[in-house]
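Take a look at the letters that make up each chain.
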Amino acid sequence: MCDLCMKHGAGGKWYLNAEHYSQAIAEKYNLRDFLMEQYKNFEQISVRKVHGFNAVGMGYKLKMPIIGRIVKYAAEKMLHSTRPPKNPFRAEGHIGQIVPLEDAVAILRTCAAEPIIEKNCMCRYMSRGVKEACCINFGVMSEIVDKLPRFIPEKDKFFLTRQQAIDRFTEHNRKGYIGSIWFGPFPYINNLCSCASPECAGIRPRVDYGITSIYKAEYIVDFDPDKCTGCGVCVARCQFKAIGCDHALKRITVDYEACFGCGVCRHACKQKALFLKPRDEFPGYEERY
Amino acid sequence: MKGKTKITIDYARCGDGVGVDPRACAACLRACDPAVFLLHETIGAIEDNPYDPQKWRVTPLWIDLCTRCMKCVDVCPEKAVSVAW
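Listed in order, the protein sequences are those of chains P and S.
Residue numbering for the first sequence follows the numbering used here, starting at 1 and increasing by one per position.
Residue numbering for the second sequence follows the numbering used here, starting at 1001 and increasing by one per position.
Possibly wrong hints are sitting among the right ones.
What the hints assert, rightly or not - Think about it this way: if two alpha-carbon atoms lie no more than 25 Å apart in a straight line, the pair counts; the simulated PhoX-like pairs of lysine-lysine are:
1) S:K1004 - P:K147
2) P:K63 - P:K86
3) P:K61 - S:K1006
4) P:K72 - S:K1055
5) P:K72 - S:K1006
6) P:K131 - S:K1006
7) S:K1079 - P:K49
By construction, these hints were calculated from the structure, which means they are not laboratory data.
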């Protein structure tokens, strides 16, 4: 169990604690106004200055001897903030975790607050100029997106029932998109995304710059060497370069450290050799989120 | 990769009111393999009309991930992008 689960999971995984999805939290922090302010100019967040720094040329800033460390510390402090959100132009308390398909279905079935919608992914619009409906939102967030026309999908359905949301998420997950659940802002959970690297603005800081913007899942992938034929189809599915293929041994190799536990590789395997195991069952990887 | 990459976009040819609307074009965003560019509203648009931001531009954001493939330079219909190092 990660820190978030220990503090906010009420004895289980933090994202399966229904309290975080409740209307009461949204009312308490006045999140309707806060999120409206944040999302009407959402694409600007990366170019706005925070403590005198914006994200332009982030890699060069992080390489600077002392300033680099300060930038990284400040960025992580902002993302992991648990204080009541104040500034809608910063990604305060916007921390997420990768979720495999099973957990995402559990979220949609039991926790997610109505109304449930599917909106255009902001990250893909920001970094690719493409509108693709694949972000599932709950509760107050759905009411806000309803007022912002650029996020409303033209072709796909906007308001979803629970079952439709599960079906859509499953469809994206099988396609190869990584499921991720987000606090936005802490302690309110309102986003279940289907992400892809390198477009995702949440995965990019972690993968390219080592800033903990998203936690790895509660699981790590493993495989059955008897079933695996070493065809290597799963290798292409992994967006974190965790799976390799050993042609001499006719099986795949898994890097437990690199694996984020999204479980997307499993959908590609015809032999059903890949499976997810809880992180706790891997000695030495328990606390490495 | 040795040295810093510099990507400059000529906003006199690309962006608000001139040349091509970056939202309709987005050719550089689609051509870029490491997704270096960011499509966003200009900061000034907030004061004008916050609910319907019409002034958009492209900023090279994750410049350090640029692989110097020059696809964005080739693909730009207005010849507004330039890459130097």
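Requested in this report: Could you check the structure against the hints above and give me the numbers of any it violates, in ascending order?
Outcome: 1, 2, 4, 6, 7
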